[in-house]
Amino acid sequence: MVIEQRWKRWVFFYIPLALFVVGTLFPFYWMLVTAVRPDAELYRSWRAPNNAPFWTLNPTLAHVRDLLAKTTFPRWLWNTFFIAVVSTAISLVCGLFAGYALARLRFPMAGALGTAIFVTYLVPPTLLFIPLADIIRNFQLGNTPWALILTYPTFLVPFCTWLLMGYFKTIPRELEECARIDGATRFGAMVRIIFPIAVPGILSAGIFAFTLSWNEFIYALVFLSSPERKTVPVGVVSELIRGDIYFWGQLMAGALLGSIPVALVYSFFVEYYVTGLTGSVKG
Amino acid sequence: MTDRLAGGAGSAAGVEVALPHPGAARAPARTRVLESERLLAAALLAPTVVLLGLFIAYPFVMGIWLALTDTSVGRPGRFVGLENFVRAWTDSIFQAAFRNTFVYTFWATVLKLSLGMWLALLLNRHFRGKRLVRASMLLPFIVPTVLSTFAWRWMFDPTFSVLNWTLYQLGLIGDRWWSLSPTKLPFLSDGTYALACAIVVNTWRGMPFFAITLLAGLQTINPDLHEAAALDGAGGWKRFWYVTWPLLKPVTLVVVVFSVIQTFADFQLIYVLTGGGPANSTHLLATYAYQVGVHSGLLGEGAAISLFMFPVLFAVVWLQLRYLRRLEGA
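Protein chains in written order, with our numbering: chain A, 1 to 283; chain B, 1 to 330.
In silico lysine-lysine, BS3-like type, Cα no more than 25 Å apart, as pairs:
(1) B:Lys130 to A:Lys8
(2) B:Lys238 to A:Lys8
(3) B:Lys249 to B:Lys238
Calculated from the structure, these hints are not laboratory results.
Chain A with its partners taken away, still in its complex shape:
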């Protein structure tokens, strides 16, 4: 194809790419360095002569130890995990059913319903959190994990439905018809033939939904109040800052540990995640 000169490749490719990599990853590196840096080194003026803030020669695990032993952080991790898993599961079931119905079945108002679900996909939680807090209180769900398990699907279900609907449309109808000729009911054909074929789509939707629920903040902030019920993002914001004082070592340790589970899930399923991400914006 087009042959490039060497210096051009450096100027227009390697250097910009390196800058992107450094810019993207530096905050994570900084999180890590801060989390293992002793307090004495953390709070030293930026003009101090012997200051070498890019690394530390005396790494310590004190912040991590304090975080795990003296705060309810492990509890928050568990809450976040539990809520994310259950709301993802609910959303997948709803999304599978609704996506199948919209992709395959003929019924009145199918088009309108599809559009309505797509529109709810675009409703941001920040538009609704005040009235929703009132509703949660009326349902006696305030300060329970169910407040989140039932509300997270509002932004996960439309996404799962949309993604899986697209996936079902790519599966040939003939497969189902074969099963029906062999005597399966519609429901049976859906569950035993179509759903197993759709496993990659289900994984994509599930991984993406899981990261979205792990990331959610405003509902968790408004609906939960006791420290031991909180999720990681809310706990870190509201419990690790005491008064006006920021304990940066502990905060960064919390940020790091709170990111690791979701980063692990992501790293095992990068391709599925990317499919979910790019599928999430395609009609």
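The hints should help you fit chain B onto chain A, whose structure is shown.
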């Protein structure tokens, strides 16, 4: 399933019986229910419709009602008409928040789109370690915003900022002849700087989404087109402008719509980075609605403030739907 086969297996072959045809009316009631397309559709859609109705449609209607009353925490309100909207509109903090929301959305989207496009073009080439680079580029997007924003807040710290330290070491701040500023930069302690910082952090977080989605779009473009354009003498810039960009426009539009909605309704980033400060100068509509509705407990006024987001979101969604329709029509 097999009992239905047995039921009609008198003379006809099983194949014929299993196909839905008028004779199926004689089948047992349970089967009829299972075979009805409408009933099955209704049953499959019911959980979704109930869930979305209960936690999206109902709160939306209730939000409008709340916004028309003077409800506060623990006190049922009475109808006050548009008073909340008028009060918000004349409130100087609200006006600042309203302006900030547009400034924030506009600049963050422009930066995310241009940097994301650039990164996508870089990642579309072949090089060693491409998969690893691509995977790590998405990290800011998957790590919880609140947690990564804390890292940024620490990097912008007034006393211990690593960014100020770096600029100082490079001589960009200080008393050298090439210094741009004599003192350290007031990252989060000055309203204008703070909003700019928020835009930078939002760009950092959202750019990978643009890059990866645009990259997926780029990969569907036939390389022959580029080759043909190159043979016709088109340079890199011209090839981008006349080949890549027109083909990428549809996916770009969709990504921009998604990002505009997310950015316009953003809450967590500002909540952690500045908390709306200094002196309420960096509020967005969502953070100000939270401050009024949840912190001060004025539910009616808070609901009214967040409803100010609605017209813009509605317009964006409407454009998106019209565009999708046009694509389907074509």
